[in-house]
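Mapping of the sequence shown onto our numbering: residues 2 to 306, in sequence order.
Honestly, I wouldn't trust all of these hints.
Cβ pair distances, simulated, as ranges [as the list claims (entries may be wrong)]: (1) T208 x D273: 17 to 25 Å; (2) G57 x A206: 41 to 49 Å; (3) L295 x D95: 33 to 41 Å; (4) A140 x L291: 24 to 32 Å; (5) R218 x V280: 40 to 48 Å.
Derived by calculation from the structure, the hints in this document are not laboratory data.
Cβ atoms here follow ideal geometry from the backbone N, Cα and C, with glycine treated the same way.
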Amino acid sequence: MPSPAPAPSPFHALHRADELLFLPCVWDTASARLFSALPTVKALGTTSAGLAAAHGVGDGQQLAPADLLRAVEGIRAATALPVSVDLERGYADDAKGVHRFVGELLDLGVSGINLEDGLPENGPPGPGRAGGGTLADPAEHAERLAAARAAADDRGLPLFVNARTDVWWHPAATAPHRLFETGASRLRRYLAAGADGVFAPGYPARTEPDGPAAIRRLVAAVDGAPLNLLLRPGLPALAELAGLGVRRVSTGSGLYRLALAQARRAYATIADGGPSEAVSAESGLPYAELARLLRAEDADGDLAT
């Protein structure tokens with residue numbers, strides 16, 4: 002007789018709460034500590050692009066699996082909040098490999114994962130990776146999702162499986178008049194395979210004449226399953242998204258890229274003759290606060306190294 006499915010976790014409950022779940026995506030221990038300290042943060046995600054870049058490699062499963070596991074272990078140790086890992090294609094060649102790798106993440110205490118059906122545009126071929134910016138076969142991706150679900154059920158552990166489709170990020174792979182139905186059909190198939198929620202980055206398109214109506218349409222198309230959208234310019238405010246039925250908004254690599262851009266901007270300002278206040282504590286993160294977040298002993302000065 003198969004083991005009964007584990008009871009839903011607090012992370013599952015956040016997707017059914019009155020408030021929309023706004024999920025900051027972190028890339029290392031420091032960023033995990035930083036966002037965990039904010040009272041509005043209820044859980045953390047990871048950014049595959051940020052984690053990869055922090056290790057000096059590109060996105061698209063170019064990060065070594067061992068490096069991903071070490072990074073997740075550090076993030077988990079840095080917070081008491083639930084952590085959901087951007088697992089891209091599962092860091093595996095097939096569903097069996099996904100089952101094994103998800104098991105390793107569960108052993109680290111993760112509460113959720115994302116699995117995507119987009120095949121990376123860049124990077125050499127590798128486990129679960131192919132060039133071209135195309136889409137995986139939906140049946141094959143459903144098998145990966147089912148394997149992730151089985152990995153959790155086999156351990157008797159709850160896991161929020163978030164099924165991502167990249168239909169709207171790779172629109173050239175689908176006839177324009179079929180774009181919505183193709184995306185919605187994939188998401189419904191992924192839910193049937195065992196996903197708990199669905200993720201549609203790039204939706205609604207910026208050219209969509211009525212974004213709110215488009216969002217309502219997708220919420221209805223997935224029968225009210227928790228819908229995750231990616232934060233981007235032009236997206237309605239969080240309160241409006243919640244009213245439209247969206248249950249989760251994640252930052253993706255946006256915060257990581259913003260941090261790099263701010264550092265570059267501050268340096269360029271000073272190099273061009275601007276005031277040194279560009280790197281003052283008031284415009285950045287005071288050293289004492291960083292030290293406190295990391296529980297460091299030396300917390301003197303604003304620009305200590």
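| task | For L295 and D95, compare the CB-CB distance with the range 33 to 41 Å and indicate the outcome. | result | holds (40 Å)
| request: Just tell me: holds or violated, for the beta carbon distance of T208 and D273 against 17 to 25 Å? | output: violated (37 Å)
| message | Given a hint of 24 to 32 Å, does the C-beta separation of A140 and L291 actually sit inside it? | response | Given a distance of about 48 Å, which is not inside 24 to 32 Å, the answer is violated.
| request: Determine whether the Cβ-Cβ distance between G57 and A206 falls within the hinted range of 41 to 49 Å. | output: violated (33 Å)
| message | Given the hint of 40 to 48 Å, is the C-beta distance from R218 to V280 inside that range or not? | response | Check passed, 46 Å falls within 40 to 48 Å.
When held up to the earlier numbered hints, the structure conflicts with 1, 2 and 4 and fits the remainder.
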